[in-house]
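With the sequences and hints as input, model every part of the structure.
For the protein sequence lines, the chains are A and B, in the order given.
This note's numbering applies: residue 1 is where the first sequence begins, and numbers increase by one.
This note's numbering applies: residue 1 is where the second sequence begins, and numbers increase by one.
Keep in mind that the hints were calculated from the coordinates and are not lab data.
Every value quoted in this text rests on a predicted model; they were computed, and no experiment measured them.
Even for Gly, the Cβ is constructed at its ideal location relative to N, Cα and C.
What you were told as hints is all true, and nothing was included just to trick you.
Listing some non-contacts, in silico: residues in chain A with all C-beta distances to chain B over 12 Å: (1) 17; (2) 26; (3) 39; (4) 42; (5) 46; (6) 69; (7) 89; (8) 124; (9) 125; (10) 206; (11) 217; (12) 279.
Calculated pairs, DSBU-like style, for lysine-lysine (alpha carbon to alpha carbon, straight line, at most 35 Å): (13) B:64 x A:236; (14) A:269 x B:3; (15) B:151 x A:206; (16) A:236 x B:111; (17) A:69 x A:269; (18) B:139 x A:236; (19) A:210 x B:151; (20) A:236 x B:3; (21) B:3 x B:276; (22) B:151 x B:139; (23) B:151 x B:3; (24) A:236 x A:206; (25) B:276 x B:21; (26) B:276 x A:236; (27) A:236 x B:151; (28) B:139 x A:269; (29) A:269 x B:151.
Some, not all, of what chain A presents toward chain B, calculated at C-beta under 7 Å: (30) 185; (31) 186; (32) 195; (33) 235; (34) 254; (35) 264; (36) 266.
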Amino acid sequence: MTNQITTFDQLAARARELAGTKGPVRAAVIGSDEGPTLRAVGRAEEEGLLSATMIGPRNAIADLAAREKLTVDHQSIIDHAEPVNQMTAVSEMLGSGEVDLLIRGSIDIRRLLLALFDRSGNFRDGRRIVSHLACFATADYPRLLFMSDGLINVAPDLDRKAAIIENALSAARHLGVAMPKVAVLAAVELISSAMPITLDGAILAKMADKGQVQNCLIDGPLSLDVATVPEIARQKGVVSPVAGQADMLIVPNLETGYSLYGAMTLMVKAQSAGVVIGGRVPVVLPLVCDGSESIYHSITLGTLLSLSR
Amino acid sequence: MIKSSAEIIAAARELSRGDRKRRVAVAGAQDADVLGAVRSACDDGICEASLFGDETTIRELAQKNSIRLEGMDIIHQADPQSAVLGAAAMADSGQADVIMKGFLSTSTVLKGILDRRFNLRSGPTLSHVAVLEVPAYHKLLLMTDGGMMVKPNLQQKLDLLRNAALVARALGISPVKIALSAAVISPVAGMPQAEEAATLVDMVRREPMVDCDVAGPMSFDQATSADVARRLGVSNSVAGDADIFLAGSIEECNITAKSMIVFADAIFSGVIVGAKVPVSLVSRTDPVIGKKTSIALACLVADYYQRMGGGR
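As structure tokens, this is what we get:
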């Protein structure tokens, strides 16, 4: 087991180290005609993390590369202007096993997700559920903070939440988090039938006790401050191995995760990364509020997960 | 237009320097944190206080925590219900401007306020409005409801909007820009929150809220960042400049607000609105400045009600 990765710098170093041993991942950039993505991909390529196939309108990509002073191998461009054709190309690459990592460029997020979920898209890994995993680093927190799911599963029921946790756990383990501490978030710490979300938190915690979810510590319901601030956990009298030191936040629904992601990037100014996991390959998918740096972090995370499969 | 916690406190002090001091009736005052908050608000000239609760315990707690009780009336009420009714009666008679929750449950306080013996009922829905001063945002951000209404339906969301807009007006915000949360920028099947936001916008269009711009569905990032709004190709007066963010559930509001309190040094204050007097409540874990701001905020809301003729 590797040492626990606690910063994005360590994450990038580990991804470079793995790519150095196993070779760069074969990545496809869906809608490569987008500046910040192209810059981040160029950097990752230079560092030996990946070799990219650029899917998008050839002329626009070439112009952009010239403007951004990036070298793009014209052999690596698959010339498709239309998103529907871009996704067909992706599906073919997935079918023939020629791609290890997908990277979202200019393609609309919803369009991308709908195409990936299409049964003919060759993306699904059997019945395994697909979820979005976010990862934050802030000055105030001594480790990376994972969050799921703010993008794909709208209102997950208990079983789906357990599956979301399993997906996130497998990713966290690849980052060396040996026994991830999982906080199932709610507005309060106590269980109340008036707030059904709190019941899910309690049951998931019990499922971990019973070994139904393994190799992790789960506590819930927990409010965000109790989950992440030891002093507040103490003041509120919440004693658990998770309270005050969560590695992972499980949000009750998509809207909560999406708002939280926005607040973490815009108001907290956290460094962030986002990937879709649970499919045949990881998909690098930072959100709209993310900048170029986040795209690079997301690529390093996706690369590490891809090489750890 | 008030833009910070310090300005909320300054405005409340200004009120109390005028014709009369605002008075806070504390229901169940046998709570060290609440006593401390009220003391510091009184010392700052924000308000005066009447303490309803168990007198012996109040005095013991004050002594143990070195909190002076000078200038505060203590009205002995041994049980929580009587303490609330005492505070509510005082507010009903116009002698108190704010009711503050002490050592008793929120539902006990609300039951007392809504008691038919008093004329303190106002709108159909009581809700919690959080006021956040976030260093990275260019003005105060109001969020609702992260404290009371678990999963508001469409009608209740409309009530929540009206309640939050009152707080915004009390802070001198005009026009009030309101964003209706969803994770997408257009209504999408399978995402009820987005569909409801679109319906709400329609409802408000038919029956406008005075001096309010309401827009949605809108994600948090789009509501608070002009840059994100531009990248998404959205242009309306609310995007990137929201005063109020209406969340879809208590969890969404609470978790998002707390991320800014924990990680972005946001100063949090809050008030319950929907009755004829504002109800102030502070949490043990709120820092001193947050508690003081909450009391000052409630005084400003009370003053706004009184000026509008709707309050006690």
